[in-house]
Amino acid sequence: MLVDNNEIVKILFLAASPHGTKSLQLDNENRSIKEYIQRSTYRDNFRVESEWAVRDSDLLYFMNSHHPQIVHFSGHGTQSGEFVLEGQDRSIKPVSDAAFHSLMKFFKNEVKLVILNACNSATQAEVIAQEIDFVIGMDAPINDKAAISFISAFYQALGFGNSIQNSFEQGLIELQIKNIPAEHIPQLFVRTGLNANQAYWRDLVAQPAPLSDEKSQETGSLKSKKADEPVSIVISYAPEDEKFRKNLEKHFITMKRNGDITIWHTNSTTAGDNIIEKVHYLDTADIVLLLVSKDFLFSDSIYENELRPAINRRSKGLTHVIPIIVSETADWEKDRLFGGLYPLPREKRPVSAWKDEDSAIVSIVNDVRTVINGIKAQRSS
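Residue numbers (the UniProt record's numbering): 1 to 381.
For the record, the hints were derived by calculation from the structure and aren't laboratory data. Just to be clear, a hint being listed does not mean it is correct.
[To be verified] Quick list of in silico lysine to any residue cross-link-like pairs, SDA-like style, CA-CA up to 25 Å:
id	residue 1	residue 2
1	K250	E240
2	K246	D283
3	K105	Q79
4	K243	A227
5	K348	P230
6	K256	D356
7	K334	S65
8	K294	K256
9	K250	V321
10	K10	G161
11	K34	N179
12	K145	Q176
13	K105	N267
14	K108	N179
15	K145	Q130
16	K316	E328
17	K316	I263
18	K246	F338
19	K376	G317
20	K376	E333
21	K348	L337
22	K250	E328
23	K178	S163
No experiment lies behind these values; they were computed from the predicted model shown.
When you get a sec, could you build the whole thing from the sequences and use the hints?
Given below as structure tokens:
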């Protein structure tokens, strides 16, 4: 059965089980959810997209990549209620209430339902419900059997056309039917002003409200900004290239003082609470400068959370992306995302190959100034 994409509820299933934590039946949960949805009347209107061993550095990429209406976190929760993701080395990385709240606040126009299928997650769920329409969390530790039984029955009921409230209650009844004494653990939180008895799966795919004038200017075309507004520049780089980044930024100081530009760099934020600040600057930048080096290319986090979103915005005509070759880097020009872009300094000569770094940077700044002038002229037209 063919279904219009505008009538599909996209479920992003995010699973994490870091080293040093109890093994969970995440694959069984994922499989059970899909099986129960397939039994329902509106099975073709649901799509489960799964990501495994989710790291803290993956969250923004997955949210931007999948555009889900339902975000389903499956894994561990700390005693204080924080959801646990994985670090680069599969270490334990709790996501603070503040960081998670910021993340959900940023994507609230798309995400309508969040499920925290993890121990002690009710506190975090209640916080998120300030932004998201419907949130399910667990008020105590919950074992795999209970968690899987509850949530599978919930999705099945939703797929049969029941309201979110009725689907939640059917999940609790499933626990009673299976004689699992855990029906007091799942909690449903509803954003103020909404009624879960009157919300169904179709309400999860409702189109978001139009952007305000202010927001549309932030995320719109390069031409939508005012002619006298500074051109915004974001520098994306690896921490190992911090010294070069500082020197590069010094050469932009005159344009910055004259109000022609603003400059922000991606390491201006710290991990966790300020994660949304990075999204904001990348989503509003007129120019993104990529400081290309072996360390830059080696970082999966930079590639997925900074480079890929920048290239995506470039493809829509929303930003200019300029690679700056800091040092000799094997095969960068063959990279499928940005290898075809024209780099600086000219003639693809890395900065490290110049006798004088400042001379290389002056050449770079002059070429970037040309792009800046072009943006200002475009705004005035």
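Checklist line | Agreement of K246 and D283 with the hint, judged by alpha carbon distance not exceeding 25 Å | finding: Given that 25 Å is the threshold and the Cα spacing comes to 23 Å, the pair holds.
Note to self: Given the hinted pair K376 and G317, is their Cα-Cα distance within 25 Å?
What the structure shows: holds (15 Å)
Next item on the list: Measure nothing beyond the straight line between the CA atoms of K108 and N179; if it is 25 Å or shorter, mark the hint as holding.
Entry: violated (36 Å)
Note to self: Hinted pair, alpha-carbon criterion (25 Å max): K34, N179. Please report holds or violated.
What the structure shows: Distance ~23 Å between K34 and N179 Cα, so the pair holds.
Note to self: Hinted pair, alpha-carbon criterion (25 Å max): K250, V321. Please report holds or violated.
What the structure shows: holds (20 Å)
Item checked: Agreement of K243 and A227 with the hint, judged by alpha carbon distance not exceeding 25 Å -> Given pair K243, A227 is violated - Cα atoms ~33 Å apart, limit 25 Å.
Check: Are the Cα atoms of K105 and Q79 separated by 25 Å or less?
Finding: With Cα atoms ~24 Å apart, K105 and Q79 stay inside 25 Å; holds.
Notebook entry, point to check: Does the alpha-carbon distance linking K256 and D356 stay inside the 25 Å limit?
Noted result: holds (24 Å)
Checklist line | Restraint status (C-alpha distance of K376 to E333 at most 25 Å) | finding: violated (29 Å)
Item checked: Agreement of K316 and E328 with the hint, judged by alpha carbon distance not exceeding 25 Å -> violated (30 Å)
Notebook entry, point to check: If you draw a straight line from the CA of K348 to the CA of P230, is it 25 Å or shorter?
Noted result: With a Cα-Cα distance of about 29 Å, the restraint between K348 and P230 is violated, given a limit of 25 Å.
Checklist line | Proposed proximity, K256 with K294 (alpha carbon, max 25 Å) | finding: violated (29 Å)
Figure legend: structure checked against the earlier numbered hints; hints not met, in rising order: 4, 5, 8, 14, 15, 16 and 20.
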